[in-house]
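**Student:** Work out the full structure: start from the sequences and follow the hints.
This is what each chain is made of:
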Amino acid sequence: MLFRPTLAQRFLLSVLLLIVVLVGAILMVIEKREADSSFEEAMARGELIAQNIANLNLEPLFFYDLEAIKKNVEETVDGRLLYVVFYDRFNAPLLSSEAVRDQEGIVCCSRLPASTSPESAFFARLRLELGGKAVRVLEVERPIFARGSSTRWGSVKVGLSLEDMHDAIRRTRLVLLLIGLAGVLAGAAGAALLARKLARPLGELVKGTDRISRGDFSHRLAVRSHDEIG
Amino acid sequence: MSEKPRFLLLLLLGLGWLASTAPGLSGVKGREEKPVEGGTLRIKPFSGALNVNLDPARESETFLMEQMFDGLVRLDKDLNVTPALAEYWTISPDGRTYTFFLRRGVKFHNGRELASEDIKFSLERLLDPKLASPYADLFLERVAGAAEFRSGSASEVSGFRSPDRRTFEIRWNRPYVSGLYLLSMPYCKALPRDLVRSQGSDFFWKPVGTGPFRFAHWLRSPRLEVVGLRLERNPGYFASRPHLSAIEYSPFYTLEHFRDKEADIIPFVSEGLSGTDCSIRDEGSLEVVLLGMSCHLAPLDKPAVRRALAMAVDRGRIARVSTTSESLPQLLQSFVPPRLPGFFPADEDWRTDIAEARILMEREGFSGRKPFPPLALFVRADRREAAYRLYRELRDQLRDLGIRLSLRTYRRDGELQAVRNPYLVLIEKRLEFPDADGLLRPLFHSRSAQNLTRYASPRFDKILDEADVERSWSGRLEMLRKAERLLAADLPGLPLFSPAKRMAIQPHVRGVEVPALGFSYLNTLKIWVRKRG
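Protein sequence lines correspond, in order, to chains A and B. Position 208 of the first sequence, counting from 1, maps to 208 under my numbering, and the rest follow consecutively. Offset between the second sequence (1-based) and my numbering: plus 1000.
What the hints contain is simulated information worked out from the structure, not anything from laboratory work. Cβ atoms here follow ideal geometry from the backbone N, Cα and C, with glycine treated the same way. Any given hint could turn out to be false.
As the list claims (entries may be wrong) - Calculated pairs, BS3-like style, for lysine-lysine (alpha carbon to alpha carbon, straight line, at most 25 angstroms):
| no. | chain 1 | residue 1 | chain 2 | residue 2 |
| --- | --- | --- | --- | --- |
| 1 | B | K1482 | A | K70 |
| 2 | B | K1107 | B | K1206 |
| 3 | A | K71 | B | K1482 |
| 4 | B | K1077 | B | K1526 |
Unchecked claim - Some, not all, of what chain A presents toward chain B, calculated at C-beta under 7 angstroms:
| no. | residue |
| --- | --- |
| 5 | F62 |
| 6 | D65 |
| 7 | E67 |
| 8 | R89 |
| 9 | G148 |
| 10 | S149 |
**Tutor:** Rendered as C-alpha cells:
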C-alpha cells in the first residue's frame, strides 16, 4: 500500500526540507568563510615568521655562521613551526632544520623564481609524512635581501602545521552542526504546529461538508479565526 | 534623547570623522621632506687638517676615500656588513676561503668597467714591500702567500685569486671571521690597475675610483697653494645616485665661513655656536681611553689593589676635564665599546667610593703607617699637553687616598719595559676596524708588544688564541665577551671614556646620519641641501 501523506505531513516535510537546505547552505558558507580566513591568517603568520627568521639570522648568514643559524632555527622550531630551510642565492639548500634533513622533497628545492621583489612570498599547501604522522602543512618561502641591496641574497622557507587550523575548523563545524540541528528541530516543531493549525480546520470543514451533504443541516462549523481558513 | 544632546552627539561624530580624514591631521607622523637634487656640501675636515695623500694604501683621509672609492663590502651606520662592489659572497665551511661575486656594470670614473683583477691588484698593493703600507701587517700573517709575496719569493699573493672577471677569491691561512670587517675598511678600496701602473704616484693627484663622487680638482689659494679639493657627483654610480652635485673639502673653512653659511659642516670649534640654528651632532668613535696599571709591579700586581685604586678614581670628573669644544668624552662602562657588533653596554661596578677604597687599601696593608708607594702616570710625549688636565685631576683624586702621582712621558712602548716602579699609563687606542680582538689582543695579550700594563693571564691568552681560529662568528663573539669579563674581574686598567668628536651642521643640510664609526664614514648618498649651491 502506497504511503499517502496527509496535507499536514506534506507541509511539514516541505518546510523541513527547506529548513535543512537553508541551514546547510548557511553552515557551508560560514564554514568556508572560517576556513578561508583561518588560511589567510596562517599565510600572514607564515610570512611574518619567515621574515622574522630571516631578520634574526641575517648577520650570521653574511658570515656563513651556519652553526649559529642552526642553533637559532632549532630553538624556533616547535609543534606549529615544523621546519625551516635556508637557500643560497642559487636556490641550493644552505641549511635545514633537523626534522626535515632527510626529506629530499622538502629541502631540495626553492620555489622562488630567479627575480623576486623583497615583498614577494611563495605559498604551498602540502600533506607530508613527518615523524610517522601525516601532517597538513603550509609552506611559505620569502626572499632574503642584504640591507640596502636590491639583489636577492637567498631565501628562507618555513613549514607551518595546519593541523591546529583544521582542528579549529572541525570544532567550529561541530558547533555549527549542533546549532543547525537545533535550528532544524525548532523549525520542525514550528512547522508541525503550523501544519496542525492549518490542517485541523480544513479537516473539520471536510467533515462538516460531508455531514451537510448527507442532509444533516443542524451541523455547525465553528469559526475560530477571521483569516482565509477561519 | 532630547534634541540638544542628539545634535551635540552628531556634531561631535562629524568633527571626529573630519579629523580622521583631514590630510596631515591623522596620525602624528609629519610630512616627509623630498630631497632636493644638486647643491654643494662644504665640509671642514673632521680631523682639522687636510691630508693631501689620496692613496688608500697609505694613511689618507677616510672621508675622501669613502667618497671616491669602493671596496668589496661596506659597513652601514650600525656597523652591519653590506654588499658594495661584491653583490654576493660565500665563505667555505672551513672559513678559509671567501669568494666574492662582483656586481655587473660597475664602472670607474673614466668609464672602464671594474674587473676582479683590479681588486687583486689593489689588495696586493697593500703588501707590496716597495709601498710600505702601514696596513700590510693586517694581511701579512693572515692571507695565504702574503709573506712569500712580501719577501719577494713570489710574484703574486697566492691567496688573492681572480678566477674570472667577476669573481674574486681570498684564501686565508686560518679561518678569519673578521675578514669582512677588514675588507670594509678605507684601505681596501678598488683602484684601476691599468692607470695606477701606468701613472704611478701621479695617479693619486687625480685619482679615479668607482665611488659616488669623482675627483674634480684641487682647491687652491690665490698663491696656488692647495687648500682643499672638490669632488663631483658620479652620475653612473651603481648604487643610488647622490643628491649632492658636489662636495668641497677644505680645512680653511672657518667659524666665520660657517656663520656666513659658506661652510656646511665644521668641527664644533666654539661654544658660541650653541645659540645658533645649527645642529650639533656627536659621533660615536671606536676610540677608547683607558687608565692602565702596571700589573707586573707590586703592589699593583694584586687585583684587589687595582680595584681599590680604581674605586678612588672619579671617571666622570676625568671625562669632564678632558672635554673640549670639539670633543665630548663619553664614559665607558666596558673595555670594548658597546657599539661593536655583538657587544652590549655592560654595567660594571666602577663607582667612585673613596671611603670603600680606603678600607680596601687598609685591608691590603696600606695605611698612614705604610703609605702607598708613589706612582707615575705615563703619557705619550706628543700627548703630554693634551693629557695635562687629566693628570692634574687624577693627581688630586689619588691624593685623597694618600697616593702621590707624578707625570712622566714616553716615546716608544718599549721604554716602559725598563720601568721598575709601579706606574699608571694613559692608553689611547683607536680600533683599526670593528673587531674587539683588535683592542683586547694588542693591549692585554701577554705576548703583545703594545701591552703596556704587562697584564699576563694564561686564561685570557687562551681565550683570545682560541677565538682567533674560531670559525663561528657568534662563537667568536661569545669568546671575546668572555675575555672582556675576565678583564673586568682582573682590572689591568680602568676604562675611562671614548672621545667623541662634535660637529656643527647647518640647518639646511638634511639626511645626516652619524655612523657608529665616526663622521669620517658619513654616508653622503643620503645628504642633501635645501639651498642650491
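**Student:** Return the numbers of the hints above that this structure violates; sort them in rising order.
**Tutor:** Structure breaks no hint.
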